[in-house]
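Construct the entire structure; sequences and hints are all you get.
2 protein chains.
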Amino acid sequence: MSLALDTAAQDLLFREAHTANTFTDEPVSDEQIQAIYDLVKLAPTAFNQSPLRITLVRSPEARERLVQQLAEGNRAKTRTAPLTAILAVDLDFHERLPELFPAAPGIKDAFFSELEAREKAGTFNATLQAGYFILGIRAAGLAAGPMTGFDFDGVNKEFFGDGKQKALVVINIGRAGADAFYPRSPRLSYADAVTTV
Amino acid sequence: MSLALDTAAQDLLFREAHTANTFTDEPVSDEQIQAIYDLVKLAPTAFNQSPLRITLVRSPEARERLVQQLAEGNRAKTRTAPLTAILAVDLDFHERLPELFPAAPGIKDAFFSELEAREKAGTFNATLQAGYFILGIRAAGLAAGPMTGFDFDGVNKEFFGDGKQKALVVINIGRAGADAFYPRSPRLSYADAVTTV
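Quick mapping for you: the protein sequence lines, in order, are chains W and B.
Residues in the first sequence are numbered consecutively from 51, following this note's numbering.
Residues in the second sequence are numbered consecutively from 51, following this note's numbering.
Everything labelled a hint here was simulated from the structure, so no lab data went into it.
Be aware that a few hints might be false.
Since the list gives no way to pick out one identical chain from another, each pair is judged satisfied if it fits inside one copy or across any two copies.
Said to hold, decoys possible - Calculated pairs, EDC-like style, for lysine to aspartate or glutamate (alpha carbon to alpha carbon, straight line, at most 20 Å):
#, residue 1, residue 2
1, 158, 242
2, 216, 166
3, 207, 75
4, 216, 169
5, 158, 142
6, 127, 242
Take a look at the structure:
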């Protein structure tokens with residue numbers, strides 16, 4: 051069964067792409083991140099709520115503050131990555147809903163007046179967007195190194211002191227360097243992951 | 051700034067793809083879903099934990115049980131979709147970790163002996179996989195209609211009575227029918243979504 055997506059695109063996004071653990075020193079520009087963002091922003095979220103926010107950690111001072119919050123095993127590779135991004139959910143995403151979902155501006159108050167509802171929906175939809183963004187990094191010909199091995203409270207305190215965002219994942223971004231990839235681990239078979247009722 | 055991904059693939063996955071609200075009656079085969087799964091299973095999760103499970107709801111009896119749990123506005127389109135899938139997190143994903151992450155089989159017990167830790171990590175990583183799967187549906191030339199407007203407890207009770215899975219999103223899958231798409235709503239600008247520190 052062949053897919054509509056051409057084989058080269060399948061390879062770029064999935065088959066030949068791997069999580070990178072080393073990087074070259076080639077910089078990643080704001081223009082590259084914008085090209086990625088402007089593509090993946092089009093993928094769907096519920097009510098178009100678009101709760102993902104991205105912090106590009108570029109200054110040496112901010113980079114070191116981030117590294118200090120990472121698990122030991124994630125520090126060296128992050129210090130040498132040309133760019134590291136914090137992906138977070140905006141817990142006040144509802145403020146933009148009247149503009150983002152003009153078909154029903156009332157959902158801002160009907161569904162999202164409570165922080166608990168915003169955190170649940172926002173975290174789910176921002177995480178979908180994180181998945182789109184990881185594939186978007188690959189679409190730019192770059193390698194992604196997503197990490198959840200960090201002190202979430204520490205990152206939130208260092209970077210989102212006002213409490214309006216919560217970190218979901220930290221991603222190193224760049225050109226894969228020498229010995230960047232671990233061997234691909236086995237995936238669950240279709241029969242193990244998919245059931246029909 | 052051009053991306054490495056060819057324009058036709060960008061259009062198929064993002065620019066010309068839209069959430070579908072009507073479908074033709076052309077069936078969606080297990081072979082199509084397997085082709086999608088076998089591509090998107092390659093995208094990354096933490097420790098390769100691969101916690102996403104997919105239930106294809108095909109029998110008329112199961113379809114109607116699902117429809118009864120949906121918000122009113124999601125029922126008619128789901129009844130006419132050729133296929134509907136429930137995407138869920140497997141809260142016992144850690145049982146497969148020694149096989150899925152052979153580099154460090156000890157993480158099963160070191161990190162995931164507690165249900166709370168499994169639910170947090172599993173929900174995050176299965177949601178990333180849901181994002182990959184939505185793009186995979188589009189890679190197959192099909193349209194996706196993801197929905198979170200349903201009774202989560204009700205779906206879990208009807209379909210995951212043993213408590214081992216928790217539903218994340220329900221997705222209609224098929225060829226887009228007549229008047230399938232709403233006009234695309236505006237997205238947040240790069241400057242609104244991305245900050246540099």
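Status of each hint after checking the structure:
Taking the shortest alpha-carbon separations for residue 158 and residue 242, only the inter-copy value of 19 Å comes in at or below 20 Å, while the best intra-copy value is 40 Å. In this assembly of identical chains, residue 216 and residue 166 lie within 20 Å of each other by CA distance both inside one copy and across copies; the values are 13 Å within and 19 Å between. Within a single copy, residue 207 and residue 75 get their C-alpha atoms no closer than 29 Å, and across copies no closer than 51 Å, so neither meets the 20 Å cut-off. For the identical chains of this complex, residue 216 and residue 169 are neighbours both inside a copy (9 Å) and across copies (18 Å), given an alpha-carbon limit of 20 Å.
Taking the closest pair of Cα atoms, residue 158 and residue 142 come within 20 Å of each other only inside a single copy of the chain (10 Å); across copies the shortest separation is 35 Å, beyond that limit. Neither within a single protomer nor between protomers do residue 127 and residue 242 lie at most 20 Å apart by alpha-carbon distance, with minima of 34 Å and 29 Å respectively.
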